[in-house]
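Chemist: Residue-level listing of the chains:
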Amino acid sequence: MLQPSPTQITHLLVKWRSGDQAALDQLMPLVYDGLHQLADRYMRRERRDHTLQATALLHEAYLRLVGLENIQWQDRAHFFAVASRMMRRVLVDHARRRRARQSEGRLPTLSLDDVATLSQAQEPELLALDDALKSLESLDPRKCQIVEFKFFGGLTTEESAEVLRVSQTTVERDWRWARAWLFREMKK
Amino acid sequence: MAEHWKQIEELFHRALQLEPGERQVFLDEACGADRKLRAEVESLLVSDGQAEQEEKEVQRAIHRVAEEFVEEGSLSEGRRRIGPYELVEELGRGGMGAVYLGQRADESYQKQVAIKLIKRGMDTDEVLARFRHERQILANLDHPNIARLLDGGTTEDGLPYFVMEHIEGQPIDQYCATRELSIFERLKLFRTVCSAVSYAHQNLVVHRDLKPGNILVTADGVVKLLDFGIAKLLHAEPGALTLTATAIGLRAMTPEYASPEQVRGETMTTASDVYSLGVLLYELLTGRRPYQFKGSTPLEIERVITVEEPPKPSTAVSRQPPVVNGRWPVEADDNRRWRDGHRTAKKLSRQLEGDLDNIVLMAIRKDPQRRYASVEQFSEDIRRHLAGRPVIARTDTLGYRAGKFVKRHRVGVGMAAAVLSLMIAIGAILAAQSARIARERDRAVAAEQVAAQQRTAAESERDRAIAAERVSERARDAERTQHNIAEANLARAQEAERQATSEAARANNEAARARTEAETARRVSEFLAGLFEVSDPSRAKGNTITAREILDKGAARITKDLKGQPKVQATMMDTMGRVYESLGLYDSAAPLHDEALKLRRQTLGAEHVEVARSLNNLAEVLRRKGDHETAESLYREALAMQRKLLGPEHADVAESLDNLAILLDTRGDYKAAEQLFREALEMRRKLLGREHAEVCETLNNLGELLRKKGDYEAAEPLFRDAIAIQRKQLGSEDPRLAITLDNLASLLYSKGDYVAAEPLYREALGIFRKVLGNEHPDVAINLNNLATLRYAKGDYDGAEPLYREALATYRKLLGEEHPNLGNIMHNLARTLHAKGDYAAADPLYRRALDLRRRKLREGHPDIAHSLVGFGLFLTDKGTPLDAEPLLREGLEIRRKAFSAGDWRTAEAQSVLGGCLAALKRYDEAEPLLVESYATLKAKRGDRDRTTQQTLKRLISLYEAWGKSEKAAPYRALLAQSDSSPK
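Read top to bottom, the protein sequences are chains B and D.
Take the first sequence: its letter number 135 is residue 135 in the numbering used here, and every next letter is one higher.
Add 188 to the 1-based position in the second sequence for the numbering used here, that's all there is to it.
These aren't lab readings, by the way, just hints derived from the structure by calculation.
Wrong hints could be hidden among the right ones.
With a straight-line cut-off of 25 Å between C-alpha atoms, the simulated DSS-like cross-links for lysine-lysine are [as the list claims (entries may be wrong)]: (1) D/Lys916 <-> B/Lys134; (2) D/Lys981 <-> D/Lys1023; (3) D/Lys832 <-> D/Lys534; (4) B/Lys188 <-> D/Lys224; (5) B/Lys134 <-> D/Lys1108; (6) D/Lys981 <-> D/Lys1125; (7) D/Lys194 <-> B/Lys188; (8) D/Lys874 <-> D/Lys832; (9) B/Lys187 <-> D/Lys224; (10) D/Lys981 <-> D/Lys916; (11) D/Lys1023 <-> D/Lys958; (12) D/Lys897 <-> D/Lys748; (13) D/Lys786 <-> D/Lys813; (14) D/Lys981 <-> D/Lys897; (15) D/Lys244 <-> B/Lys188; (16) D/Lys813 <-> D/Lys874; (17) B/Lys187 <-> D/Lys751; (18) D/Lys786 <-> D/Lys751; (19) B/Lys187 <-> D/Lys244; (20) B/Lys134 <-> D/Lys194.
Cβ-Cβ distance ranges computed for the label pairs, FRET-style [stated by the list, open to error]: (21) B/Leu30 <-> D/Arg491: 18 to 28 Å; (22) D/Lys554 <-> B/Thr170: 40 to 50 Å; (23) B/Thr170 <-> D/Lys224: 47 to 57 Å; (24) B/Thr156 <-> D/Lys194: 26 to 36 Å; (25) D/His192 <-> B/Glu159: 27 to 37 Å; (26) D/Pro208 <-> B/Leu30: 23 to 33 Å; (27) D/Leu487 <-> B/Thr156: 26 to 36 Å; (28) B/Arg96 <-> D/Val234: 21 to 31 Å; (29) D/Gln480 <-> B/Glu159: 43 to 53 Å; (30) D/Pro332 <-> B/Ala56: 44 to 54 Å; (31) D/Gln682 <-> B/Arg96: 40 to 50 Å; (32) D/His796 <-> B/Lys134: 56 to 66 Å; (33) B/Arg96 <-> D/Arg269: 20 to 30 Å.
By construction, the Cβ of each residue, glycine as well, lies at the ideal position given by its N, Cα and C atoms.
Construct the entire structure; sequences and hints are all you get.
Modeler: Below, the structure is given as structure tokens:
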């Protein structure tokens, strides 16, 4: 499959930014496959020393995919908001596909399959987080944004404060509250 | 909501500013009566207390998913080709890579193949180098149950792939579950798996990754093993595994099937495959895996696999839930008719108890050296189990063999062998006890050590927690959470300490149990020693001790010396009872079996396989003693119990069917007996194979029944079959062979072939005397039969002493009331009658008839035997009027009991005809004699004694009637047959 072109993605990003929700649905599969292939390519390059952490590698791939230079962003906040949201969707999507595959039961000749004893237990956690985040967003979008930055965007408290133009104390307070609320929700 | 939301948030932050101790007061005041608000804030505070830890876990989960996402990039869904293969569809994905259905794009070769693509991270240079090296070896594995490795290579972007024969099938565990295969079928299927693995081992290929997902069964029931040697290619040495382990976590390993040496990263050998197969068999038989992993950390997995002892399969089925809920027929049984209502885990447990437990546990021993030496040996042991032979997987070998020995030698063993078997059985109980004691002791000691370690750990953790609490107390302004953590730690430490204490208590219990077992062993060995004290010359007063004395002494002391050990007592009584029985000492055997039955009912409950065994034992002795009615009800009770516990098809059930049929046969209910014999025969052939000694027993019994019914044509091949198998399987000196020889001889006798019959009787008698000694009921029966043969030949002087010896032996062993005594007395009476000693014959005839009438059911053919013989005697004696009603009754019984045209009915007709002729009722006598003669001539031939007697009666009839002309042709026939060479 061909790698999606940055312009195609940029075009959809712009449409989405201007309020076209359908653009996001077109965008996601492109980002998903694009990231997959880019990540694989990085992986091949990296695998001898294998230093780059997978999440960081994905961020890098995302930057490459979207082509930072091709788009005029209103502000940094918007860029990071989109990037974090994309990463969240990609990973949740992956976890969901994975779970769907597992729940299909054992496949006929899946003899190399040694379904993970470790990750299997973890993926629902990510899905539960996603669900809790959706509830949080409807109640308090800023707090949801802070959580996405932290978990999926790789931003520090300082960076988040800067991007959102609020004080670090506010980010800390919001984070602490959101964290307590989310984890309680996830246990329900 | 929004306002409420703000309020919650505000209270949350304000409470966080306070000490945990002050929060309650604050919330009381702030929330007032609003319980809902307060609950909301409180739950968030609790959540916040644990959030630090959980945040880390969520971060880890996100990283893991990201890693996976990146790794799977190499398997992205857009792939259309791999090497020269066109991909048809993706069949699945796993930790190692993806599996595709494909076909060659460049050739007319249309066959579909399975292609395994190894994902990025697994494609090290070593893997590729090894692959090239091993590929040829793997491609050469040519076995009908191994999926062929067809090809392999690397994709354009450098990923290795394997091309294999595409198999459409179900993993073996699912196959067994969906088809609800019986234990027997599962074992057979498993042996096929073994044969494939064994073949690969002979070709120096170890699978290393055997598990249900790698063992498929096609719709036609053909087993196919996948991925032979692939695991080795992927991580040959521990170093390679470590490398991949960082990339893919622990996903490459399937811990459930991994051997201890594998989780330790040591060399894997054929013994590792034996282990994995053992786990597989465990799962196929129980629906559970031997180990439960509480945590999924590599250390925990390693600990469980290398240290924990798995429960026995028979225990596992009643304790743990099955692997997959609802999919496993826990109640799977030895046949397809298992829906009959007795489907309990308990029953499955009983099927697994013993051999199968031992076989599985031997295969999954921790130490590779102590497992089966090869997959072939493993498979062979299962075969032996299926054939009812002793298996090698057994710690207490001695006891086990004794059990099988006594079972095999039930029919009768010689005095020496009987005592030997008794000694072996006693030794075995001892051996089993001491082995168990050693195990219990080891376990108790180990548990004590673990408990001690845990206590120490718990104590130091508690100390740490207390220290931490002090630190946090001193730094009151420091993070409040510290205090919470300290509290939690303290609680955890207290919990651990409590656990350690209960662990220690358990260890104490186990130690106590070990002490009890030791006490049992001491008592048994004292008991055994006591038995042999008589062999001390001073005590035995110079007399040679006999086996009988040892037995008597032992039997008398079981109750006293083994007090408080009811299970051991019952086992000893069972063994001794059977030894007495095999010695023909039924009066001594019966109370032992009776007592064993009571003990087993008390200790094991009303329904148990051992209770059924005792019922059978007791019934058999009672049958031999002649108490048919009680025996029948006991047999039926045992049979019903076994069917319920073991299912409708089981070797024990077949044995009970056979026993019950013998009883029905003895009681003269031939029709019911024949049906049961045939059922038992079919079951034994199916379960044990056609050439099994127990099959011969039923062949013999059925043959004997058919002989008694007069169906010689059907009976003879059964006996001959049985003899051929017995000579092959048992050698030439086994009492079971002697019994069949005896019966074949009786058949030949019944057919009138005295010449062929005699050597068979003699061979049987030789074996009996050698193995059983002279005083044994079977010897008496043989003597009777040989005497009868002599009588038939007219050798009355030769017959009489044999009958007298048989009679004396029987009376001595079985008293005056045994129905068989009637046969011997009647035969002796007949001989004396033939010799002309009417005075001696008369009372014997009468006593025989009287005994048979009392002991046998109405209409029993043996009663007819007495009636016809005595009737003839009375006619000869000159009192035909007394004879007539007896003869009519006898004829009637035979007509009913035997099929039309039977020679014995003809014989009764002939004797009655003679009687009527003596009463001068010639017109009544004539048709009887004519019909009788025709039948006898056809069935027995001209030269037969009874045929000739009938001819003589016909001639006398016509002479007395004054119709000499009618007598003439018969006279000619008589002269002709007399002069023909014998």
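Chemist: Now tell me if each hint is right for this structure.
Modeler: Status of the hints after comparison with the structure:
no.	hint	result
1	D/Lys916 <-> B/Lys134	80 Å, violated
2	D/Lys981 <-> D/Lys1023	13 Å, holds
3	D/Lys832 <-> D/Lys534	11 Å, holds
4	B/Lys188 <-> D/Lys224	17 Å, holds
5	B/Lys134 <-> D/Lys1108	118 Å, violated
6	D/Lys981 <-> D/Lys1125	18 Å, holds
7	D/Lys194 <-> B/Lys188	22 Å, holds
8	D/Lys874 <-> D/Lys832	20 Å, holds
9	B/Lys187 <-> D/Lys224	19 Å, holds
10	D/Lys981 <-> D/Lys916	33 Å, violated
11	D/Lys1023 <-> D/Lys958	32 Å, violated
12	D/Lys897 <-> D/Lys748	49 Å, violated
13	D/Lys786 <-> D/Lys813	20 Å, holds
14	D/Lys981 <-> D/Lys897	23 Å, holds
15	D/Lys244 <-> B/Lys188	19 Å, holds
16	D/Lys813 <-> D/Lys874	32 Å, violated
17	B/Lys187 <-> D/Lys751	59 Å, violated
18	D/Lys786 <-> D/Lys751	15 Å, holds
19	B/Lys187 <-> D/Lys244	16 Å, holds
20	B/Lys134 <-> D/Lys194	19 Å, holds
21	B/Leu30 <-> D/Arg491: 18 to 28 Å	47 Å, violated
22	D/Lys554 <-> B/Thr170: 40 to 50 Å	59 Å, violated
23	B/Thr170 <-> D/Lys224: 47 to 57 Å	27 Å, violated
24	B/Thr156 <-> D/Lys194: 26 to 36 Å	27 Å, holds
25	D/His192 <-> B/Glu159: 27 to 37 Å	32 Å, holds
26	D/Pro208 <-> B/Leu30: 23 to 33 Å	51 Å, violated
27	D/Leu487 <-> B/Thr156: 26 to 36 Å	33 Å, holds
28	B/Arg96 <-> D/Val234: 21 to 31 Å	30 Å, holds
29	D/Gln480 <-> B/Glu159: 43 to 53 Å	46 Å, holds
30	D/Pro332 <-> B/Ala56: 44 to 54 Å	51 Å, holds
31	D/Gln682 <-> B/Arg96: 40 to 50 Å	42 Å, holds
32	D/His796 <-> B/Lys134: 56 to 66 Å	60 Å, holds
33	B/Arg96 <-> D/Arg269: 20 to 30 Å	28 Å, holds
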